Amino acid sequence: MIDHLPVLLVVLPILGGAVPLVVSLLHERAGWAVATLTVAGQVALAGLLAWTVETSGTVSYEVGGFAAPYGIELVVDGLSAAVALLVAVVALGVLAYARHAGPRSNSFYSLYLLLVAGLTGMSVTGDVFNLYVFLEITGLAAYGLVASGDEAKSAVAALKYLIIGTVGASLYLLGVGYLLAATGTLNMADLAGKLGSMAAYDSTLVLTAFGLMVGGLTVKVALFPLHTWQPDAYANAPDTVSAFISALVSTVSAYALARLLFSVFTVEFLSAVPIARWALLGLACVSVVTGSALAVSQSSVQRMLAYSSVSQFGLVVAGFTVGTPMAVVGASVHLLGHAVMKGGLFAATGVIERKTGATTLNGYAGMGSRVPVTAGAFSVLALAMVGVPPAIGFVGKWFIVFGAVKAEIWPVVVVLLASTLLTLAYFARLVERLYFAEATIHADEQADATADVPADATVADGSGRAVSTGMVAVVVAAAVLAVALTAAVPAFEQVLNETLPQLLTQ
Amino acid sequence: MLGLLDSHYNYVAVMLLLGIGLYMLVESRNLVKKVIGMNVFQTGIFLFFITLAFRAGGNPPIIEDGGGPYVSPLPHVLILTAIVVGVSLTAVALALLIRIYTEYGTLDEDKLKQLYYD
Numbered sequence: 001m002i003d004h005l006p007v008l009l010v011v012l013p014i015l016g017g018a019v020p021l022v023v024s025l026l027h028e029r030a031g032w033a034v035a036t037l038t039v040a041g042q043v044a045l046a047g048l049l050a051w052t053v054e055t056s057g058t059v060s061y062e063v064g065g066f067a068a069p070y071g072i073e074l075v076v077d078g079l080s081a082a083v084a085l086l087v088a089v090v091a092l093g094v095l096a097y098a099r100h101a102g103p104r105s106n107s108f109y110s111l112y113l114l115l116v117a118g119l120t121g122m123s124v125t126g127d128v129f130n131l132y133v134f135l136e137i138t139g140l141a142a143y144g145l146v147a148s149g150d151e152a153k154s155a156v157a158a159l160k161y162l163i164i165g166t167v168g169a170s171l172y173l174l175g176v177g178y179l180l181a182a183t184g185t186l187n188m189a190d191l192a193g194k195l196g197s198m199a200a201y202d203s204t205l206v207l208t209a210f211g212l213m214v215g216g217l218t219v220k221v222a223l224f225p226l227h228t229w230q231p232d233a234y235a236n237a238p239d240t241v242s243a244f245i246s247a248l249v250s251t252v253s254a255y256a257l258a259r260l261l262f263s264v265f266t267v268e269f270l271s272a273v274p275i276a277r278w279a280l281l282g283l284a285c286v287s288v289v290t291g292s293a294l295a296v297s298q299s300s301v302q303r304m305l306a307y308s309s310v311s312q313f314g315l316v317v318a319g320f321t322v323g324t325p326m327a328v329v330g331a332s333v334h335l336l337g338h339a340v341m342k343g344g345l346f347a348a349t350g351v352i353e354r355k356t357g358a359t360t361l362n363g364y365a366g367m368g369s370r371v372p373v374t375a376g377a378f379s380v381l382a383l384a385m386v387g388v389p390p391a392i393g394f395v396g397k398w399f400i401v402f403g404a405v406k407a408e409i410w411p412v413v414v415v416l417l418a419s420t421l422l423t424l425a426y427f428a429r430l431v432e433r434l435y436f437a438e439a440t441i442h443a444d445e446q447a448d449a450t451a452d453v454p455a456d457a458t459v460a461d462g463s464g465r466a467v468s469t470g471m472v473a474v475v476v477a478a479a480v481l482a483v484a485l486t487a488a489v490p491a492f493e494q495v496l497n498e499t500l501p502q503l504l505t506q
Numbered sequence: 001m002l003g004l005l006d007s008h009y010n011y012v013a014v015m016l017l018l019g020i021g022l023y024m025l026v027e028s029r030n031l032v033k034k035v036i037g038m039n040v041f042q043t044g045i046f047l048f049f050i051t052l053a054f055r056a057g058g059n060p061p062i063i064e065d066g067g068g069p070y071v072s073p074l075p076h077v078l079i080l081t082a083i084v085v086g087v088s089l090t091a092v093a094l095a096l097l098i099r100i101y102t103e104y105g106t107l108d109e110d111k112l113k114q115l116y117y118d
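Those protein sequence lines, which keep their order, are chains A and B. Note that the working numbering gives residue 115 to position 115 of the first sequence, counting from 1, and the numbers run on in steps of one. Note that the working numbering gives residue 88 to position 88 of the second sequence, counting from 1, and the numbers run on in steps of one.
If we take Cβ atoms under 7 angstroms as the criterion, some of the chain B residues that face chain A in the derived model are:
hint	residue
1	38
2	42
3	45
4	48
5	49
6	52
7	78
8	85
9	88
10	89
11	92
12	93
13	96
14	99
15	116
Coverage of chain A stretches by chain B, computed from C-beta distances (three or more under 8 angstroms per stretch; other residues unrestricted):
hint	region
16	129-142
17	148-161
18	166-172
For the record, the hints were derived by calculation from the structure and aren't laboratory data. These figures come from a predicted structure and were not determined experimentally. Ideal Cβ placement from N, Cα and C applies to all residues, glycine included.
Taking the hints into account, I'd like the entire structure generated from these sequences.
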């Protein structure tokens, strides 16, 4: 069984996802229990897989027993094991949040598990077409989850997400077609060997394939100017879904982008075709600056956090594109760290909104004393995102900047340093409001506003206004992790060094 | 130019489908037509893959007495998968459209925008 770990990791949530729909015939509220059991198993499997990779190196698996370049291969190295583990752990954390925050229908948990399956599949696959299939599974589940909100707006946001996301994935598929035409293979390792020898790096065919595939994935990552689906989707989805999607969907897409850069096109391609590298660096830097500027101009806290993701993913992609070992480690650390921090921040906005009704920057004024624990965790996460040591946000950014300095790409260094200031600009403002401003929403006013809903009642659809200990605990756990993960960085760097030698010892 | 049309007409069709699909997606104000445009765009990609598999004088890839050369079976298999994905996406999109129509009573993009931002 242990030999089949990589494929079990994908099969388990798919099978688990079918269960709640069947159980619906007997019981209406069994979804949460089924999902929790499945995801707990998922955490165990992903942990076991990560441990195997750490002790005995890269694991590869031939699905159905078809030999590698012809059949589909799953390849798990240090980076993919870390992403798969992150997906499982965050999914479990968000379930603890969803217990009380809802939605509670069985079909919601089916979609939830389908999304876990898609994300895990994206992180373990070693085949470019298989990656497309998992990209679409992820997409389909994410569109459904965004639309699961009660408000009419969530359907509109989901449709916008669907149309833009489908175009992105289709462009990626078109790129796969160009690669297939150039080399006749779809296996990532095989492609890496054949590109450059069978088809020159700077041939039109390969360049077009690169442009289409990277372009398609940047839509999913939500880099400026392809981010337009993202703030609507994050802000209009239910809180549970915003926390889950903001933590994982763009993260795993950015991981896929890195996989494409390093395992398919390889670093040699980037150095042989400087224009491709500069184009991607340019896009990333524009994304960093514009994302921050848009974040500063928002009044809704959730939209601000969404635009902050645009900027942070610019940073991650810039780190990967710089391509020096240090920058790549930094980008990987920031990728994982950002997932924990952003998921925690969205979860915190949900708690604060339920407790106080505050959703905007002005509404947050003076809330530090109303919701002390959540506000404290929120501030820790915000400062971690800015990059205050010893939080994980600091380590990631430090490595990326150091890598860029070593590669002597000065414009990028300037943008990266400026990005820290810009991040401070929107988060410091918020933390200052939380603690040092006169409250604009008062407890008694709010009591009137929600008088028709008893404090601990749950509305028929399951979105109760009350806050459970579990929800606060998730936010606090994210804040603790955002600092504690720093201790794991040396071990992570070690594993990356061992399993990605072609990448890190140039 | 005409020679190209004669020898590469499949690729011309691919480009036309991609272009028309993308144009409908961007320009049409009706959301249903946007979804149709999305389908046309994907069909262009399907045709592109199938064209890749072609080889002059190739037989169907079934090993029999006749022997090769065979057309490549791989793109056909890939596109079968992609068609399934496309159908599921259309289904989800139409379900969302039904919900939007019951909530807002319109599928016109401009009217929807006004209602959406109120």
